[in-house]
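Undergrad: Those protein sequences? They're chains A and B, same order as listed. According to the working numbering, the stretch in the first sequence is residues 508 to 916, in order. According to the working numbering, the stretch in the second sequence is residues 508 to 916, in order.
One thing to keep in mind: the hints can contain errors.
Identical chains share a label here; the pair holds if one copy fits it or two copies do between them.
As the list claims (entries may be wrong) - 27 angstroms max Cα-Cα, derived DSSO-like pairs, lysine-lysine:
hint : residue 1 : residue 2
1    : K856      : K605
2    : K531      : K711
3    : K511      : K711
4    : K693      : K810
Derived from the structure by calculation, the hints contain no laboratory data.
Listed below, chain by chain, are the residues.
2 protein chains.
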Amino acid sequence: MYLKTLGENAVNAKYTIGLLSEEKRNDVLLKVADALLKNTDYLIAQNKIDYDKGVSENMKASLLDRLMIDEKRIEGIAEGIRQVASLEDPLNRVLSEKTLANGMHITKISVPLGVIGIIYESRPNVTALTFKSGNVCILKGGSDAINSNMAITKVIRDVLKEENVDENAVQLIEKTDRETAGEFMKLNEYVDVLIPRGSAGLIKAVVNNSTIPVIETGSGNCHVYVDKDADIDMAVNIIFNAKTQRIGVCNACESLVVHKDIREALLPKLAAKLKEKDVEIRGDKDTKEIIDCVDATEEDFGKEYLDYIISVKTVSSVEEAIAHINKYNTSHSDCIVTNDKEAADKFLKGVDSACVYHNVSTRFTDGFEFGLGAEIGISTQKLHARGPMGLNELTSYKYTITGNGQVRG
Amino acid sequence: MYLKTLGENAVNAKYTIGLLSEEKRNDVLLKVADALLKNTDYLIAQNKIDYDKGVSENMKASLLDRLMIDEKRIEGIAEGIRQVASLEDPLNRVLSEKTLANGMHITKISVPLGVIGIIYESRPNVTALTFKSGNVCILKGGSDAINSNMAITKVIRDVLKEENVDENAVQLIEKTDRETAGEFMKLNEYVDVLIPRGSAGLIKAVVNNSTIPVIETGSGNCHVYVDKDADIDMAVNIIFNAKTQRIGVCNACESLVVHKDIREALLPKLAAKLKEKDVEIRGDKDTKEIIDCVDATEEDFGKEYLDYIISVKTVSSVEEAIAHINKYNTSHSDCIVTNDKEAADKFLKGVDSACVYHNVSTRFTDGFEFGLGAEIGISTQKLHARGPMGLNELTSYKYTITGNGQVRG
Numbered sequence: 508m509y510l511k512t513l514g515e516n517a518v519n520a521k522y523t524i525g526l527l528s529e530e531k532r533n534d535v536l537l538k539v540a541d542a543l544l545k546n547t548d549y550l551i552a553q554n555k556i557d558y559d560k561g562v563s564e565n566m567k568a569s570l571l572d573r574l575m576i577d578e579k580r581i582e583g584i585a586e587g588i589r590q591v592a593s594l595e596d597p598l599n600r601v602l603s604e605k606t607l608a609n610g611m612h613i614t615k616i617s618v619p620l621g622v623i624g625i626i627y628e629s630r631p632n633v634t635a636l637t638f639k640s641g642n643v644c645i646l647k648g649g650s651d652a653i654n655s656n657m658a659i660t661k662v663i664r665d666v667l668k669e670e671n672v673d674e675n676a677v678q679l680i681e682k683t684d685r686e687t688a689g690e691f692m693k694l695n696e697y698v699d700v701l702i703p704r705g706s707a708g709l710i711k712a713v714v715n716n717s718t719i720p721v722i723e724t725g726s727g728n729c730h731v732y733v734d735k736d737a738d739i740d741m742a743v744n745i746i747f748n749a750k751t752q753r754i755g756v757c758n759a760c761e762s763l764v765v766h767k768d769i770r771e772a773l774l775p776k777l778a779a780k781l782k783e784k785d786v787e788i789r790g791d792k793d794t795k796e797i798i799d800c801v802d803a804t805e806e807d808f809g810k811e812y813l814d815y816i817i818s819v820k821t822v823s824s825v826e827e828a829i830a831h832i833n834k835y836n837t838s839h840s841d842c843i844v845t846n847d848k849e850a851a852d853k854f855l856k857g858v859d860s861a862c863v864y865h866n867v868s869t870r871f872t873d874g875f876e877f878g879l880g881a882e883i884g885i886s887t888q889k890l891h892a893r894g895p896m897g898l899n900e901l902t903s904y905k906y907t908i909t910g911n912g913q914v915r916g
Numbered sequence: 508m509y510l511k512t513l514g515e516n517a518v519n520a521k522y523t524i525g526l527l528s529e530e531k532r533n534d535v536l537l538k539v540a541d542a543l544l545k546n547t548d549y550l551i552a553q554n555k556i557d558y559d560k561g562v563s564e565n566m567k568a569s570l571l572d573r574l575m576i577d578e579k580r581i582e583g584i585a586e587g588i589r590q591v592a593s594l595e596d597p598l599n600r601v602l603s604e605k606t607l608a609n610g611m612h613i614t615k616i617s618v619p620l621g622v623i624g625i626i627y628e629s630r631p632n633v634t635a636l637t638f639k640s641g642n643v644c645i646l647k648g649g650s651d652a653i654n655s656n657m658a659i660t661k662v663i664r665d666v667l668k669e670e671n672v673d674e675n676a677v678q679l680i681e682k683t684d685r686e687t688a689g690e691f692m693k694l695n696e697y698v699d700v701l702i703p704r705g706s707a708g709l710i711k712a713v714v715n716n717s718t719i720p721v722i723e724t725g726s727g728n729c730h731v732y733v734d735k736d737a738d739i740d741m742a743v744n745i746i747f748n749a750k751t752q753r754i755g756v757c758n759a760c761e762s763l764v765v766h767k768d769i770r771e772a773l774l775p776k777l778a779a780k781l782k783e784k785d786v787e788i789r790g791d792k793d794t795k796e797i798i799d800c801v802d803a804t805e806e807d808f809g810k811e812y813l814d815y816i817i818s819v820k821t822v823s824s825v826e827e828a829i830a831h832i833n834k835y836n837t838s839h840s841d842c843i844v845t846n847d848k849e850a851a852d853k854f855l856k857g858v859d860s861a862c863v864y865h866n867v868s869t870r871f872t873d874g875f876e877f878g879l880g881a882e883i884g885i886s887t888q889k890l891h892a893r894g895p896m897g898l899n900e901l902t903s904y905k906y907t908i909t910g911n912g913q914v915r916g
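Let the hints inform the model, and build the full structure from the sequences given.
TA: So, in C-alpha cells, the structure goes:
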C-alpha cells in the first residue's frame, strides 16, 4: 500500500515533469544546488545521526568515509548539480524524420523514460540526472544512510514545491526493510526502469528478483592483452595505470593476458614496476617460468579483485587471447597493446565488450572521459545502452505521426 | 543440462556469426529460401502430423489455420526471407565518432545483441531477421507445432552446415514442457535478450518469470480521440478503419474518446457506419444519451477486445482525454482527430505511447508501413526500442577506442 501510493504519485508526476521546458528544469536544478548549500548545517546534523550509528556498530572505515557528509562534500554535490544543469538538453531531440508516399509524416523524438527506480548503497547523486532528463525517480537507499537520504530528499522536494513543480518528481522510500525492497522490484505497474547502483551482489540480487526492466551496471573484470609485437614500455605503462591508478573502480585492470613470445621481454620489467605499489601477481605456469609469483587458479581469471592483485594468463595467439577474454570478462572494458594493425582489428572486432581499447588504458571508460558530461553508471548489458550512460541514455523515444485522414488499405 | 548445452553452443556460435560479412549472411539467407522451397513436401508432411493432432484434439479453427503450412505459405516464407536479405545491413554502422583532446579516437559502432531467445506461439518467421543482424537464436515453440518447427529448423541448419557456418546460429528447444520453458527464462549466463511473441498471457508470464532482459511486445489497447473541432467524415473514416480493417491485431482501435461538444454530430453517423460490420458499441452515460448502445463498465476501458467491439468514453477537454488514455492504454498507438493545431500538439506531447497519431489511423504502426522493411514485433516498453522493431533494433553497440599509449592522470 505504501509503495502503491509512491508509485501512483510518481506516475502522476511523470506526465508533467516530462513536459517542463528546458529552462525550467535547469532553473530548478540551480535552485536545488543553492538550497543544499543553504542547508549545510541541517544536512551535516542529519548525517551525523547515521555516522554515529555506523561508528557504534563498527562500520568499516571505507564505508564510514563514503557515508560522511561535510561542508566540502556538499559543495561538491552542489557543483555537480550545476554542471548537469549546464549540459545539453537530452529531450525533444529529433532522432529521425520522414514523409512517406501517402503523405504521412513520421518524427522520432527523444522523450523521458518515465519513472526510474534507483536502488543504491551510497548517496543519491543521480537525482540531478534523472530530473534534467525529464524523468521521475523513486529512490531506495540502505538503512545505514536513511537520515542523510531523508534530509537531502527533503531539501530537494522543498525546492520543487516552491517552484510549483510536482514534488513527487523525487521520492524516497523511507522503509529500509528487505520486504519493501522485494516489493519495489515488482512494481511494474508504476516503474518503467530499475537501475541498481552498488556492489556486484546488490546488482545480481536486483537482476534475479526484479520483474521491472533493469539496467545492469558496474561489475568489471577488465583485461589488458599484450600481443607479441607490442611496445614494452607502453605496455608496462598502460598496465600500471589500469591496475593501480584507482583500484576500487570497475574499469581497473584485473587480469593480464600475455603472448608467449613477449613474456620474457615484458614480465620482469612489469613485475618491477608493479612492485612500486606492492601489487601481488598470480600467474599461470608459463608466467612462473619467467617471474616469481603466486599460482593462479581457474577462479582467479574470473575475479574482480578491486585490490592490489593481478592475474596473468599466457597465450599463443591473438585468437586464443580473444577466446580467453570473452570467457572470463564481464563485457566491460578490455585492451590490446600491439603495433600490429591486423591483430588490433581482430581484437577490436572479436572481443565482446562495451569498450574495447587499442593502446589505451581501460581506465578511460567513464562518462566524463567520453565527453558525456556526467554518467549514471556503466552498462554491461546489451539492451538499451552499453558502456558509459549519460543523459541521452536516460531517454527513450516516441514516434509522432501527422497526416490528413490517412487510413490503411 | 540440455539447455546448458544449447546455451554453450549458442555462445560459441555468436563469436563467429557476428563477424560474418554482409555478403555471406545474405547469401546464406537466399540459400535458406531455396532450401525451404525444395523441401516443400517434407515440410508439409511434418506439418500434417501437428495439424492432424490439432484436429483430433479439437483445436480452434483460427489456431488450426495459423498452424497449417501449404505450398503457398512456404512460398510466402521464402519470399519474406529473400526480402530480409535485400535490406540494408544493420551491423558495423558508425553511430558516432570523435577524437578527444588527448588524441584518443572513440568510435561507436553497431554490433549484434548476441544470443536472442525467442519464445513464440506460432511459426518461426523471425530467424531470418536474427541471422541477418548477426545474432544467434534459440527458439522455443509450443508442443502444438513441434514437428513443423523441427522440420523448418532442420532445413535451415542443413544449409548453415553446407555453407560452413556454425549451424548453432539457429537452435530449437525440442522439449516443450513447462519446466524447460521456466529454466530457459533464467539462462542469463548464455542468453542476452528474450523476446516473447504471442498472446498477452504468454508475454506477461515471460516478463514475470524471466531474469534475462525481455523485450515486451504486442499488447495494444489503442484509442482514437475525436476533439471538438474535428472533421466528422475524417473521424468516422479513421475510426472505421482502425476498428474494423483487421480486428485481431495489436494496432486496432479498441476504445473511442469523444469530446462532449461533438458527440451529437459524430456518434449517429459513426454508429451507422460501424453497423456495416456489426460492431458492438459500449458507451458511457453521455454516449447513451445520443445513440443506442451497451453500457460501458470501467473494465471495458482497459480491454483489448480483438473483436468487433468498441468502447466509448466522453470527455470535456483534450486534457481529460489525455489523462483517460494514459490511464487505460498499453502505450502502443493512440490517435487524435482534430483541426485544432494546439490541441493536436498537446495530445502528441502528452500521450505516453510508442506511436501518437494526428489525423491518421492507428493501423499504420507496423515495421513495413514505417519503412523498416520488416519487423520482429512492436515494443510497448521504454528501454532499448519502442514501437515497430526492425533490423536496427536487433543490434546493440560497442565503443572501440584507439590511441598511442594514453593513460589516465
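Undergrad: All the hints need checking, so say for each whether the structure fits it.
TA: Against the structure, the hints come out as follows:
no.	hint	result
1	K856 with K605	between (33 angstroms within a copy, 18 angstroms between copies)
2	K531 with K711	neither (37 angstroms within a copy, 38 angstroms between copies)
3	K511 with K711	both (25 angstroms within a copy, 20 angstroms between copies)
4	K693 with K810	between (31 angstroms within a copy, 22 angstroms between copies)
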